[in-house]
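What follows is the residue order along each chain.
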Amino acid sequence: MKNNGRKKKNDDNGNKETESMNTSSGIRPRLLSSSFLRPSHLFFSIKLIFFSNWLYIALAGAISSIFWIIFSVFDQLLFFSPVFVFYLPDDAITGFILSTITAILMGIVVGMNVYILRHSRNLKIGIGSLFSGSTLSMISSTCASCSSVGFLLVSTFGGIGVTASTFLSNYQVPLRIMSIALLVWALYSASNKLTKSCVLDHSIDNGVKNL
Amino acid sequence: MQNKFSTYFVLLFTLIVSLAAAAYIALTISHGTMTGIVEKAYAQQLSLSENTGSAAINLSPNSLIQSGAPLLGKRSAPITIVEFGDFQCEFCDRFAKQTEPKINSTYIQTGKVNMIFMNFVTHGPDSLTAAIAAQCAKDQGKFWSFYDILYKNQGPENSGWADGNNLKKLASQLPGLDKQEFNSCLDGAKYKSFVDRDNALAISSGFQGTPTFIIEKADGSKVESLLGAYPFPSFQAIVDKKLSE
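So the protein lines, in turn, are chains P and B. Mapping to the working numbering: the first sequence position 179 is 179, numbers consecutive. Mapping to the working numbering: the second sequence position 64 is 64, numbers consecutive.
Think of the hints as simulated: they come from the structure by calculation, not from any bench. Bear in mind that the values here come from a model prediction, so they are computed numbers and not experimental data. Glycine included, each C-beta is placed from N, C-alpha and C at the ideal position. Hints are not guaranteed to be accurate.
Among chain P residues calculated to face chain B with C-beta under 8 angstroms, some are [unchecked claim]:
(1) 82
(2) 85
(3) 166
(4) 177
(5) 184
Label pairs and their computed distance ranges (CB to CB) [what the hints assert, rightly or not]:
(6) P/184 x B/76: 26 to 34 angstroms
(7) B/245 x P/139: 38 to 46 angstroms
(8) P/65 x B/56: 45 to 53 angstroms
(9) B/155 x P/86: 44 to 52 angstroms
To spell it out: a stretch of chain P is covered by chain B in this simulated footprint if at least three of its residues, at any positions, have a beta carbon under 8 angstroms from a beta carbon of chain B; those stretches are [stated by the list, open to error]:
(10) 71-81
(11) 89-95
With the rest of the complex left out, here is chain B (with noise of 0.2 angstroms):
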């Protein structure tokens, strides 16, 4: 009798273990609890900022354009969309081939949207050269395409599909892109501070994930946050309603 008490209380204490951690993974990913987080950290860095009179880097549209993050979109659209994310990524795949196509049609294009792209990058070796490649196609205005081709081409992690030769062939697929420069940015790692940086700022804001999107106004207010390969319904939710506030 004992022993068949102890067997339902293991099976019992295990459901509720189990459904008390999924519940709070849900809750940690959850899109109230993420803009908390970020509103909060955002608050933080702009304290710092003024308070040291720096002009360090924080999660404002214009800091980002400034300090040199790829943007894609009308600088003047009054929506900023901020993707956190890492070519090596599955969910950021399935958002870049899925959501962004028609946030870019619905928004971008009409000049209501912009999108900047930040690296935050948890996956592996293979993912920071791949983002320094990201940022050596920028320096020849083809981050987009590039952005598109290496999702096209994504494989699984870290398997060798994002490493410096594989990422030069792919660029060589960019039309227009002077080879030359590009292989010696790459190979010179020239933008590794950069993507160090950009990490920087997204372990500070308290992101825990990728992709982690901000959306926010122009000026930076309104913050809100989104961790994970939304579909597209959720991002119109959030820029439907600023967009009319």
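Okay, chain P solo, but in the shape it has when bound (with noise of 0.2 angstroms):
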């Protein structure tokens, strides 16, 4: 692998950094090569995505945006027609946060794997994790059993249906926790994607090429 402008060294407690010499953008990546991911080495990949580019923000907040509404429609806070009326009812209020939380994570997550898709040369992103996630929050957004998902499981599947549509329901909020568990998830294997591969062209967004 080329590693023009780079050096490497080691740091205090032993562990191998590369440094990168890249400063067209302002910003000075360290990239460690430690499976272990600090809270500041996270943040350091949220900062070096979404300031590289404004699309990479502008993304983040589209797929946030139209999630958020998702999830507001189908808890049943934010209507449409006949006039058009956003309420938070005391008991939604949990629900309504954690969705909020759900929407931001998966702009946040999306973004950073289109730009590792872009950046990479043969890096695979950890897709399960973000559509497990994905997916969970979408389910657990409504109460399965007054919707019409409740009653088309009700109605096909008779018993089990009706007590999977309880599960969904009686267990929503937690549901919701797990959904947002794993999008953090997905966020910390990206971002250790970001920080500590030496396969990403930073350069791309800046019009330099250094590798």
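Make the complex out of the two chains shown on their own, each in a separate frame, by following the hints.
Printed below as a string of structure tokens:
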């Protein structure tokens, strides 16, 4: 692998660090080869991506907004007809906070994965945790038994459908927390790839090739 | 390169599919779509009654009241809101606590609107027991008080909060209730066929979830439908429009 403009050194803990000398974007990424990711590196990855090109901010904002609307409609907080109304009753506050966190995480994770796809040579993105987290959050974003989903389950599968829709309704909050955990894992994986790997070409969005 | 392209494709495809699914679900529960479904079903019910000469139940206020459905407000009110609900339904609970009190104070107490409750039991066995118990309370003129008590005490679905024993305890909170009569009505499942008939009407009307609302004029015309725990401004827009027609 080419390593132009880079030097290796050992940090205080003995971990090998690869320090990029690329300063064309004003960012000096410190790339770790350690498998352990510190929170500061997570913030670094987010900063690296979302301040490299406004398109990533737009993509993350669009994905977050779309899913925020979907979750709010499914949770019966946002209505478009007969009049446009958004209301937040007491019983929906917890669910609303969780679904808003989920929507924001989905935007960030999708943005990060698109960045990895654009900049990596043959790196695979962690699609499993992103999709499972997204799917779980969609499934748990409504009172399953009250909606047409529950009606379909009950009318098609009878007793098993009742059990399934009861489970989805009664464990809605834990399922949403689980979906957030999966998305945080997806964020961690994406961030880990960004800070750990030397196969990313961070200069693509800056118009400079430095690898 | 091909691997990257296929990953892009999977991402894009999944996004499009999830958006299409969400749009489809949103469309099927929308006010316009539900109104279309109900208008069609209602026309079929009326045509069937005319052709066969039978007095089968349909969605008109008169038919529902005559069939024994509980009524809140004056019978002479020009607008009727029919709720198809389930006592275990979380969104019905939200409607009962957030929206119904505002409809009651603004329109029902002033005689502009009346409200009918119909059972649409979709949440499992305890929902059927709760629906029968509510009809047993209606026998003693206490349906709407029991309606409030049930939603005030709603617990997780099929967790036992709406089983026979607990319903008897909840009913004992109703002042002036003849407990023996209530218990015997509930134990004998006196209103099971009544609830089954409500359910059959909901299904034949094309309803797909709870709560579903019908808002119509007293003669059964100008039917509109809402699926979900719509807030007060949504009802207000429809009712005010109907009152001014």
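Here is what the structure says about each hint:
1. The criterion of a C-beta within 8 angstroms of any C-beta in chain B is met by residue 82 of chain P, whose closest approach is roughly 5 angstroms, and the hint holds.
2. Restraint check, residue 85 of chain P versus chain B: the minimum CB separation of about 5 angstroms is within 8 angstroms; hint holds.
3. Nearest Cβ of chain B to the Cβ of residue 166 of chain P: about 5 angstroms, under the 8 angstroms cut. The hint holds.
4. Checking residue 177 of chain P against chain B: minimum C-beta separation of about 17 angstroms lies over 8 angstroms; hint violated.
5. Restraint check, residue 184 of chain P versus chain B: the minimum CB separation of about 19 angstroms is more than 8 angstroms; hint violated.
6. Between residue 184 of chain P and residue 76 of chain B, the C-beta spacing of about 59 angstroms breaks the proposed range 26 to 34 angstroms.
7. A C-beta distance of roughly 41 angstroms is found between residue 245 of chain B and residue 139 of chain P, which places it inside the suggested range of 38 to 46 angstroms.
8. Judged by the Cβ atoms, the range 45 to 53 angstroms given for residue 65 of chain P and residue 56 of chain B holds: they are separated by roughly 48 angstroms.
9. Checking the proposed 44 to 52 angstroms range against residue 155 of chain B and residue 86 of chain P shows it is violated: the Cβ atoms sit about 28 angstroms from each other.
10. Counting residues of the segment 71-81 of chain P whose beta carbon lies closer than 8 angstroms to any beta carbon of chain B gives 6, which meets the minimum of three for the stated coverage.
11. Under the rule that three or more residues need a Cβ within less than 8 angstroms of chain B, the assignment of the segment 89-95 of chain P holds, with 3 such residues.
Against the hints set out earlier in the document, violations occur for numbers 4, 5, 6, 9.
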